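Engineer: Okay, here's what each chain looks like letter by letter:
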Amino acid sequence: MTNSFAVAVAVARKDLIAEWRTRELVPALAQFVILALVIANFGFQIDSRNAPSIAPGVLWLALVFAGLVAFGRAFAAEREQASLEALMMTPASPVAIFAGKALAATLLLIGCEAVLLPALALFFGTPLSVQVVAAVLLATIGMAALGCLFAAMVARVRARELLLPLLTLPLWIPFIVAGGQAVQVAMGATGNYDQAMALLVDFDILFVVLTSLAARFVLDE
Amino acid sequence: MSIIVANGLTHWFGKEVALESVDLAIDAGEHMAVLGENGSGKTTLLRILATAARPTSGRLEIMGLDALRERRRLRQRIGYVAHAPGLYPALSAAENLEFFCTLQGVSRTRAVEALALVGLAPVASRPAGLLSRGMQQRLAIARAILHDPKLLVLDEPDASLGSDGAELLAAVMLDRTVVLATHDHALANRLCQRTLTLRHGRSVGTATRLHVVR
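Which chain is which? The protein sequence lines are A and B, in order.
Number 312 in my numbering belongs to position 142 of the first sequence; there are no gaps in the numbering.
Number 1162 in my numbering belongs to position 35 of the second sequence; there are no gaps in the numbering.
These aren't lab readings, by the way, just hints derived from the structure by calculation.
In this text, all values refer to a predicted model and were calculated from it rather than measured experimentally.
Fair warning: there could be bad hints in the mix.
[Unchecked claim] Okay, the calculated beta carbon distance ranges per label pair:
no., chain 1, residue 1, chain 2, residue 2, range
1, A, ILE375, B, VAL1132, 41 to 51 Å
2, A, ARG193, B, ARG1260, 35 to 45 Å
3, B, LEU1195, A, SER174, 22 to 32 Å
[Claimed, not checked] With the Cβ distance kept under 8 Å, some of the chain A side facing chain B (calculated, not the full set):
no., residue
4, THR172
5, ALA188
6, GLY227
[As the list claims (entries may be wrong)] In silico negatives: residues of chain A with every beta carbon more than 10 Å from chain B:
no., residue
7, VAL177
8, GLN201
9, ILE209
10, GLN215
11, SER299
12, LEU337
13, LEU341
14, THR360
Ideal placement from N, C-alpha and C gives every residue a C-beta, glycine not left out.
Excised from the complex, chain A in its bound form (with noise of 0.2 Å):
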């Protein structure tokens, strides 16, 4: 029998190392969060009065749109390689591979953070508190759930660049709300930091078992 856990571990590992050895993802990631930090300080007038209500704005833009990419590059890569159905041909839990699958797209968006959060400080002179980390942190545990469930979705559909954000925005409006309002607050915005966070802990919840319980049905069909 396999086991679960050593089953995600697998994936996530051989995901990241993958990922060490092409440097498809995390440069180019890296590279656009920070031609959008640069273009959006040329594009506002950032001064030390506006940069805490601005700044926000611009982390989780930048944040979603890499996170699309990350999370669509998880399945993506298994599509071309014809090597999706050799993993649902294993015994393994699809909910194990998939669980593996969102580890590593999660760690590789933590790896474009690592990059996004200084940046951001820099340009907009923003504060780079624990708080502001662990908003953004927990923001990114329930979209990887969510982009990872979707990106599985459309792996096998022609239109799924086109259908991987329609499908997945929506679903993230919640964790931008509120991870942006946790931010907000944590950069000197007026605002409940706590209730912000323990919604965004709630919503990590819901979507975490929602998404799955639906990726048995998803990978497995």
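Mind docking chain B on chain A? Use the hints.
Structural biologist: Using the frame of chain A, we list chain B on its own:
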């Protein structure tokens, strides 16, 4: 005793019928070749027998289990070599197999044994993407036997295998029930006791060795 019993297997792709009312019974240990022109339904039939696809209608029992309901249990006992090798090009040959050992729930030593059996031990550390097409096919065959399956479903496994391909396949097929799709009638005669010929998704006859329907 029949290890595979199929009745009226039919598969539609939209308005196109890929497989129409195919009946099949394969005994334990038997090697059956599926012959037919391109588009005759060989791959569709093999994907259904490997539990990689569900038929639109029909019944399929493999090793006494309903193949449409017990797919995960059956996959522990089926090895499938698909048309495309489906390997991870950035991982080495050994890493590819070790990864699938974890997914199959078998010891990683099986990867070493399988690599040796298909003659890839000398290139075990080479990335799969840098292997020749024939070597990739050997690696896909090695992956299919990692868990020592009782049933092997091989979709044109002889593609690019080279001069000793038949010997390799004979070694891999030993003591297993095998369904093999091929265009090579000589190979089918050499490796299989029986053939099934498909034309436009329909079975047009079966034959025992040396009496292949053309």
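Engineer: None of the hints should be skipped; say for each whether it holds.
Structural biologist: Do the hints match the structure? See the list:
A/ILE375 and B/VAL1132 have their C-beta atoms about 46 Å apart, which keeps the hinted 41 to 51 Å range intact. Separated by about 26 Å at the C-beta atoms, A/ARG193 and B/ARG1260 break the suggested range of 35 to 45 Å. Taking the beta carbon of each, B/LEU1195 and A/SER174 are about 24 Å apart, inside 22 to 32 Å as hinted. Given hint, A/THR172 at the interface with chain B, holds; its Cβ is 4 Å from that chain's nearest Cβ, closer than 8 Å.
Restraint check, A/ALA188 versus chain B: the minimum CB separation of about 4 Å is within 8 Å; hint holds. The interface hint given for A/GLY227 is violated, since its Cβ lies 36 Å from the closest Cβ of chain B, which is over the 8 Å cut-off. Here A/VAL177 does not stay apart from chain B, with its beta-carbon only about 6 Å from theirs, under the 10 Å limit. No Cβ of chain B approaches the Cβ of A/GLN201 within 10 Å, the least distance being about 21 Å, so the stated non-interface status holds.
In this structure A/ILE209 is separated from chain B by more than 10 Å, as the shortest Cβ-Cβ distance comes to about 32 Å. Distance to chain B confirms A/GLN215 as a non-interface residue, since its nearest Cβ pair spans about 45 Å, more than 10 Å. Residue placement check: A/SER299 keeps its beta carbon more than 10 Å from all beta carbons of chain B (closest about 37 Å). At roughly 23 Å, the least C-beta separation between A/LEU337 and chain B is larger than 10 Å, which holds for a residue marked as non-interface.
With a minimum CB-CB distance of about 29 Å to chain B, A/LEU341 clears the 10 Å threshold, and the non-interface call stands. Under the 10 Å C-beta cut-off, the non-interface status given to A/THR360 relative to chain B holds; the minimum distance is some 48 Å.
Violated hints, listed in ascending order, are 2, 6, 7; each of the other numbered hints is respected by the structure.
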